[in-house]
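Engineer: Here's the letter readout for the chains.
Number of protein chains: 2
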Amino acid sequence: MIKIAIMGYGVVGSGVAEVLSMNHDIISSRAGQEIEIAKILDLRSFDDSPYAELFTKDFNDILNDKSIKIVAETIGGLDPSYEFTKKLLKAGKSVVSSNKELVAQKGDELLSIAKENNVNYLFEASVGGGIPIIRPLHSCLAANKIEWIQGILNGTTNFIMTKMIEEKLSFEQALLLAQKLGYAEKDPTADIGGADANRKICILASLAYGKHVYPHEVHQYGIEDVTLADVAFAQSMGCVIKLIARAKKLENGKISMMVCPAIIPVSSKLASINDVYNAILVKGNAVGEVLFVGAGAGKMPTASAVIADIVDAVKANNTSISQYWAPSCESAVSNYREDVIKFYLRLQADDVEAAKEFILNNYTTPIILSRLDQPENEIAFKTDFMLEDDVKKLTISLTEKGFKQLSKIRILD
Amino acid sequence: MIKIAIMGYGVVGSGVAEVLSMNHDIISSRAGQEIEIAKILDLRSFDDSPYAELFTKDFNDILNDKSIKIVAETIGGLDPSYEFTKKLLKAGKSVVSSNKELVAQKGDELLSIAKENNVNYLFEASVGGGIPIIRPLHSCLAANKIEWIQGILNGTTNFIMTKMIEEKLSFEQALLLAQKLGYAEKDPTADIGGADANRKICILASLAYGKHVYPHEVHQYGIEDVTLADVAFAQSMGCVIKLIARAKKLENGKISMMVCPAIIPVSSKLASINDVYNAILVKGNAVGEVLFVGAGAGKMPTASAVIADIVDAVKANNTSISQYWAPSCESAVSNYREDVIKFYLRLQADDVEAAKEFILNNYTTPIILSRLDQPENEIAFKTDFMLEDDVKKLTISLTEKGFKQLSKIRILD
Numbered sequence: 269m270i271k272i273a274i275m276g277y278g279v280v281g282s283g284v285a286e287v288l289s290m291n292h293d294i295i296s297s298r299a300g301q302e303i304e305i306a307k308i309l310d311l312r313s314f315d316d317s318p319y320a321e322l323f324t325k326d327f328n329d330i331l332n333d334k335s336i337k338i339v340a341e342t343i344g345g346l347d348p349s350y351e352f353t354k355k356l357l358k359a360g361k362s363v364v365s366s367n368k369e370l371v372a373q374k375g376d377e378l379l380s381i382a383k384e385n386n387v388n389y390l391f392e393a394s395v396g397g398g399i400p401i402i403r404p405l406h407s408c409l410a411a412n413k414i415e416w417i418q419g420i421l422n423g424t425t426n427f428i429m430t431k432m433i434e435e436k437l438s439f440e441q442a443l444l445l446a447q448k449l450g451y452a453e454k455d456p457t458a459d460i461g462g463a464d465a466n467r468k469i470c471i472l473a474s475l476a477y478g479k480h481v482y483p484h485e486v487h488q489y490g491i492e493d494v495t496l497a498d499v500a501f502a503q504s505m506g507c508v509i510k511l512i513a514r515a516k517k518l519e520n521g522k523i524s525m526m527v528c529p530a531i532i533p534v535s536s537k538l539a540s541i542n543d544v545y546n547a548i549l550v551k552g553n554a555v556g557e558v559l560f561v562g563a564g565a566g567k568m569p570t571a572s573a574v575i576a577d578i579v580d581a582v583k584a585n586n587t588s589i590s591q592y593w594a595p596s597c598e599s600a601v602s603n604y605r606e607d608v609i610k611f612y613l614r615l616q617a618d619d620v621e622a623a624k625e626f627i628l629n630n631y632t633t634p635i636i637l638s639r640l641d642q643p644e645n646e647i648a649f650k651t652d653f654m655l656e657d658d659v660k661k662l663t664i665s666l667t668e669k670g671f672k673q674l675s676k677i678r679i680l681d
Numbered sequence: 269m270i271k272i273a274i275m276g277y278g279v280v281g282s283g284v285a286e287v288l289s290m291n292h293d294i295i296s297s298r299a300g301q302e303i304e305i306a307k308i309l310d311l312r313s314f315d316d317s318p319y320a321e322l323f324t325k326d327f328n329d330i331l332n333d334k335s336i337k338i339v340a341e342t343i344g345g346l347d348p349s350y351e352f353t354k355k356l357l358k359a360g361k362s363v364v365s366s367n368k369e370l371v372a373q374k375g376d377e378l379l380s381i382a383k384e385n386n387v388n389y390l391f392e393a394s395v396g397g398g399i400p401i402i403r404p405l406h407s408c409l410a411a412n413k414i415e416w417i418q419g420i421l422n423g424t425t426n427f428i429m430t431k432m433i434e435e436k437l438s439f440e441q442a443l444l445l446a447q448k449l450g451y452a453e454k455d456p457t458a459d460i461g462g463a464d465a466n467r468k469i470c471i472l473a474s475l476a477y478g479k480h481v482y483p484h485e486v487h488q489y490g491i492e493d494v495t496l497a498d499v500a501f502a503q504s505m506g507c508v509i510k511l512i513a514r515a516k517k518l519e520n521g522k523i524s525m526m527v528c529p530a531i532i533p534v535s536s537k538l539a540s541i542n543d544v545y546n547a548i549l550v551k552g553n554a555v556g557e558v559l560f561v562g563a564g565a566g567k568m569p570t571a572s573a574v575i576a577d578i579v580d581a582v583k584a585n586n587t588s589i590s591q592y593w594a595p596s597c598e599s600a601v602s603n604y605r606e607d608v609i610k611f612y613l614r615l616q617a618d619d620v621e622a623a624k625e626f627i628l629n630n631y632t633t634p635i636i637l638s639r640l641d642q643p644e645n646e647i648a649f650k651t652d653f654m655l656e657d658d659v660k661k662l663t664i665s666l667t668e669k670g671f672k673q674l675s676k677i678r679i680l681d
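Top line first, the protein sequences correspond to chains A and B. Quick note: the first sequence uses this note's numbering, first residue 269, plus one each step. Quick note: the second sequence uses this note's numbering, first residue 269, plus one each step.
Rather than coming from a laboratory, the hints here were simulated on the basis of the structure. One should not assume that every hint holds.
Only pairs whose alpha carbons sit at most 30 Å apart, straight line, appear in this in silico BS3-like list of lysine-lysine [unchecked claim]:
1) K383/B with K383/A
2) K271/B with K383/A
3) K383/A with K551/A
4) K383/A with K413/A
5) K567/B with K610/B
6) K383/B with K583/A
7) K567/A with K537/B
8) K479/A with K661/B
9) K661/B with K672/B
10) K479/A with K383/A
Starting from the given sequences, assemble the full structure and let the hints guide the process.
Structural biologist: Now the structure itself:
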């Protein structure tokens with residue numbers, strides 16, 4: 269029998285207790301021994317909970333309990349999770365975590381502390397909720413050089429984009445619906461602005477490329493400016509718009525990192541991933557493209573991933589099985605200005621013919637687009653591959669010419 | 269540095285050597301040490317190979333070489349792989365295998381021998397080629413009771429069905445094309461008849477439910493009788509026809525096992541899996557539905573999976589990390605006659621009105637279907653849920669009435 273603790277009794281933490289109880293027999297049999305919750309840390313009181321007597325408000329009750337071997341950190345955020353996790357690892361306890369923010373910011377350090385202390389720091393639940401992705405990337409695809417990873421890593425934004433594409437709701441209407449259904453928080457900034465997806469792609473990139481990649485190194489845009497006009501133009505190209513997170517190894521050895529709304533063809537394996545589902549598409553140089561799809565969030569799926577890590581930590585029995593990556597180094601991530609990419613641009617122009625002429629003269633082989641109900645003063649087009657930096661320069665010159673830029677979205681085809 | 273051997277230098281075996289060389293540095297770094305091929309067993313000679321001097325025709329050269337710790341079995345079939353694998357495991361060597369036939373027939377015994385000898389028997393490559401599925405099912409979904417597994421597990425038949433659906437090729441034309449492109453063997457029986465998919469779903473079911481399931485316990489049909497008329501009727505229902513392998517836990521605790529062409533709605537996550545791609549959809553009681561997609565066969569993807577197992581065996585370093593399942597027991601698999609399922613039936617009837625009347629009187633809420641270019645003497649319909657046994661009785665009574673049964677396909681919606 270092995271004793272564990274849960275820190276943070278919110279959605280995920282209470283889910284861990286619930287799934288451990290619901291699937292008790294099969295989990296024990298797979299772990300090779302009984303798993304017992306010894307303590308639960310939360311600042312709130314849960315007097316009616318079946319676990320009421322296990323609750324403590326004092327972290328030291330867990331830290332100093334030598335019988336507790338594994339701790340599930342489901343608090344989230346950096347403070348106090350970072351200090352708690354360090355102390356637990358140094359005390360010889362394995363930590364399993366659903367905390368993407370902490371892993372994305374401090375993963376290299378915590379993995380290294382775990383290794384030194386011969387315990388494990390595992391975080392399957394930090395990316396893609398219940399979708400198995402950390403372990404497959406780390407273990408099942410070990411024979412591969414990872415060429416790129418492309419993912420739909422945020423369920424809230426995917427729900428919003430699905431409603432915009434399929435039901436022609438505006439961004440604002442779709443966000444309201446997501447909030448009504450509990451898919452978006454009251455303050456949805458981290459989701460719709462791309463910060464949540466950013467943390468997750470950083471974790472995947474660090475794992476795939478063996479060097480810590482920080483969220484601030486990622487070129488990040490949210491979906492808040494995507495309009496139904498953009499959705500319609502994308503459709504006219506046989507495409508859809510999704511919030512895509514991408515890590516890509518460039519020929520110069522650097523990693524290109526990007527989180528942004530992107531236009532992808534309907535034939536892409538990611539195009540049909542709808543509603544709150546998440547998906548991760550990995551390209552390995554031996555295996556080709558492999559796709560993982562599932563619920564990217566939610567109480568039970570995320571708890572399922574946390575417990576998979578607990579079972580692995582039990583089986584590892586004080587040998588270090590964690591993944592490992594090195595600290596960040598300055599030159600690992602490429603400057604986004606050097607990325608070469610296709611763009612879709614939508615402009616407002618009083619003189620559409622003049623705009624068209626300017627575009628045809630200044631962009632490499634642009635394709636002018638059209639859509640139903642297109643206003644007379646609107647013009648949209650897609651470019652060929654261009655340097656991000658050149659696109660920037662050209663959009664500035666468009667503004668100087670008096671054409672108002674309405675939309676600028678990357679095309680991944 | 270760790271020494272390995274490869275047995276069988278065919279497509280997969282030579283792929284293992286090729287990927288080990290191509291991705292040498294990254295594989296060594298992930299394994300924690302250099303992996304060196306010490307011997308290759310094949311009855312043929314490969315004098316021009318860069319590995320020419322490693323070849324042997326004598327299995328004992330590998331068995332008796334104490335420096336070899338891990339052996340990749342890529343021979344296939346039962347004989348001599350079964351005897352070879354037993355001897356190697358008993359000699360304290362781990363074996364990694366792409367041999368689905370052997371795992372499906374002897375998995376329980378070989379896993380148990382591996383456990384006794386504190387070595388590992390791993391077979392990620394036996395199902396779904398390069399798609400990570402064995403390890404995710406075993407490890408990442410450890411917190412779940414698996415409700416069912418549904419898969420497209422054979423690339424050849426999926427290619428054929430795709431060509432029938434998208435390009436309206438007949439079964440025979442599509443098979444010829446598959447053979448021309450190297451996707452189907454000269455004797456395609458094991459693929460189109462369902463035996464290959466059968467072995468794979470047996471491995472997944474054994475793993476998910478902890479008891480060995482044998483291929484002869486599975487209700488197996490191939491795609492050879494599927495016609496373009498059936499494809500058209502499926503389309504009229506908003507569905508496609510795919511060769512589906514399914515393992516499902518019934519409420520009575522038994523496992524229902526089935527490999528057959530099945531009509532699935534286009535909204536199913538499996539409907540858009542086309543060409544030679546494979547996919548496995550797993551329903552866990554905590555995680556919900558999780559989908560895995562990738563190349564289900566081919567030299568490099570399969571080699572990628574074999575090497576992932578080699579890396580895991582290296583890291584396990586003489587501790588047993590293998591999955592484990594118990595020997596089969598008589599009552600584990602349900603009799604297919606007790607399955608309750610919807611059917612599509614297509615008949616030839618000189619008197620269509622009489623056939624229609626008979627159907628409406630004898631089936632529970634049948635729905636009569638129609639398609640373009642439907643011959644006057646053809647009638648097709650779908651039933652509500654029925655016992656397989658009752659369907660059998662009714663098709664016999666249809667024949668007795670003089671209506672000729674042209675098609676009978678299961679509906680999974």
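Engineer: State for each hint whether it applies.
Structural biologist: Hints and how they fare:
| no. | hint | in the structure |
| --- | --- | --- |
| 1 | K383/B with K383/A | holds (27 Å) |
| 2 | K271/B with K383/A | holds (26 Å) |
| 3 | K383/A with K551/A | holds (29 Å) |
| 4 | K383/A with K413/A | holds (24 Å) |
| 5 | K567/B with K610/B | violated (38 Å) |
| 6 | K383/B with K583/A | holds (14 Å) |
| 7 | K567/A with K537/B | holds (22 Å) |
| 8 | K479/A with K661/B | violated (64 Å) |
| 9 | K661/B with K672/B | holds (14 Å) |
| 10 | K479/A with K383/A | holds (16 Å) |
The earlier numbered hints that this structure contradicts are 5 and 8.
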